[in-house]
Amino acid sequence: MEQDYGIERRLAQCAPELHSRYRDCVVVSQRMLSRYENYFPDFTDHTVLHTLDILDISNQLIGGQIDKLTAEDLYVLLMGALFHDVGMGVSKSDFEQFRQTLGFPKPADETALAWAVRDHHQELSGLYLKKYWHLLDFPNEAYARAVIQLCRGHRKTDLFDEKEYPSAFEVEPGKSVSLPYLAALVCLADELDISADRNISFLYDVEHMPSARDRQEFHKHMAIRRVELTPERVVVHAWTEDPEVRGGVEDVTAKLRDKLLMCRRVAAERSSFVITQEDVVLRMEEPGL
Amino acid sequence: MTITKNLNGTHLDMALEGRLDTTTAPQLEAELKQSMSGVAELALDFSKLEYLSSAGLRVLLSAQKVMNRQGSMVIKNVNETIMEIFEVTGFADILTVE
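Protein sequences appear in the order of chains F and G. Residue 1 is where the first sequence starts when you use the numbering used here, and the numbers rise one by one after that. Residue 1 is where the second sequence starts when you use the numbering used here, and the numbers rise one by one after that.
Calculated directly from the structure, the hints in this document are not laboratory data. Some hints here could point you the wrong way.
[Said to hold, decoys possible] Calculated cross-link-like contacts (lysine to aspartate or glutamate; reagent style EDC-like; alpha-carbon spacing at most 16 Å):
#: 1; chain 1: G; residue 1: Lys5; chain 2: G; residue 2: Glu17
#: 2; chain 1: F; residue 1: Lys255; chain 2: F; residue 2: Asp279
#: 3; chain 1: G; residue 1: Lys65; chain 2: G; residue 2: Glu41
#: 4; chain 1: F; residue 1: Lys92; chain 2: G; residue 2: Glu98
#: 5; chain 1: F; residue 1: Lys131; chain 2: G; residue 2: Glu17
#: 6; chain 1: G; residue 1: Lys76; chain 2: G; residue 2: Glu98
#: 7; chain 1: G; residue 1: Lys76; chain 2: G; residue 2: Asp45
#: 8; chain 1: F; residue 1: Lys259; chain 2: F; residue 2: Asp279
#: 9; chain 1: F; residue 1: Lys163; chain 2: F; residue 2: Glu269
#: 10; chain 1: F; residue 1: Lys131; chain 2: G; residue 2: Glu84
#: 11; chain 1: F; residue 1: Lys259; chain 2: F; residue 2: Asp158
#: 12; chain 1: F; residue 1: Lys92; chain 2: F; residue 2: Asp109
#: 13; chain 1: F; residue 1: Lys92; chain 2: G; residue 2: Asp93
#: 14; chain 1: G; residue 1: Lys48; chain 2: G; residue 2: Asp21
#: 15; chain 1: F; residue 1: Lys92; chain 2: G; residue 2: Glu87
[As the list claims (entries may be wrong)] Footprint (simulated), chain G over chain F, 3 or more residues, beta carbon under 8 Å:
#: 16; stretch: 55 to 64
#: 17; stretch: 134 to 143
Built from N, CA and C at the ideal position, the CB exists for glycine as well.
Same shape as in the complex, but just chain F (with noise of 0.2 Å):
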């Protein structure tokens, strides 16, 4: 399917002013993103290239229900697309502050750095913009913490907690975005970035990479060789010869089935929107058949 930013396209025309104040922050968020391969070359692309695929896979979930977003739910799923993965470029001074505020020990080294952050960064994606927020033109800070709790909710945290998540999070006074949804949209397409064309084999020397995790990571994510998305399911087209890389996307396939069906029940109990998708299905398909 050729790529979209419908969501992108439609914040210009029906809100120019929060359009320009997004598209002003793209190139913060480009050299952030950047940032973080001179720390972590091994890892999986998170460049702005993700970013671009957060937003495609976003207006696909989205489909036909985009009219009911207003300009500031799209507003806010643009900034949290952009930053989410924000916490993986911060410099080592503000990873240090941020460490001792989320309270985890300081890693030995740098192999232990690397995966800190990994594992870390939707909080450190938070915390960024929670100390730098002013740097980029929010309208204001209400605005702010809506984005902060889509970076937050990307991974590892509660998208039903009313408090954390409230249905309704007013960001000016009479206006109001569908935080649990807007968050869910994003957990569930970054989840979904996960095939092949995310991390094209020729750009990683994989076989040199000195970490096994990372090395397997990748077998993982080069035998998917597409995710499809149906009005009805998802679909995760992968081949491998190798037992233990098939394990692997089995795995990736269940731990993806238990994400849609958490997003499409935060969609449902926590919002007007739905999630069409009900589940997820791995197809094996060797190549060229």
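Guided by the hints, dock chain G onto chain F, whose structure is given.
Just chain G now, with coordinates in the frame of chain F:
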């Protein structure tokens, strides 16, 4: 924001005073667009710049891209606040700050 310009041959000095944010960035963008033709050296004086946000960073990046093609750009007299903004946004890596 106040912008003071001084063109000397192909050398353009531009001093900014006040805040460079979503409200004032279009003003700088327009000034640069109007003035950069034929300029080989662009020097931006930030000694009186109090604040900078993403809108301003975008304009600076655009100017840097233009000057990469036609000469050079430097940012001078950057105070601690603005330097921190360059650092935390990753712009310190791509701008020439003296």
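Hints and how they fare:
no.	hint	verdict
1	G:Lys5 - G:Glu17	holds, 12 Å
2	F:Lys255 - F:Asp279	holds, 12 Å
3	G:Lys65 - G:Glu41	holds, 13 Å
4	F:Lys92 - G:Glu98	violated, 23 Å
5	F:Lys131 - G:Glu17	violated, 25 Å
6	G:Lys76 - G:Glu98	holds, 5 Å
7	G:Lys76 - G:Asp45	holds, 5 Å
8	F:Lys259 - F:Asp279	holds, 10 Å
9	F:Lys163 - F:Glu269	holds, 15 Å
10	F:Lys131 - G:Glu84	holds, 12 Å
11	F:Lys259 - F:Asp158	holds, 12 Å
12	F:Lys92 - F:Asp109	holds, 13 Å
13	F:Lys92 - G:Asp93	holds, 15 Å
14	G:Lys48 - G:Asp21	holds, 14 Å
15	F:Lys92 - G:Glu87	holds, 11 Å
16	55 to 64	violated (count 0)
17	134 to 143	holds (count 4)
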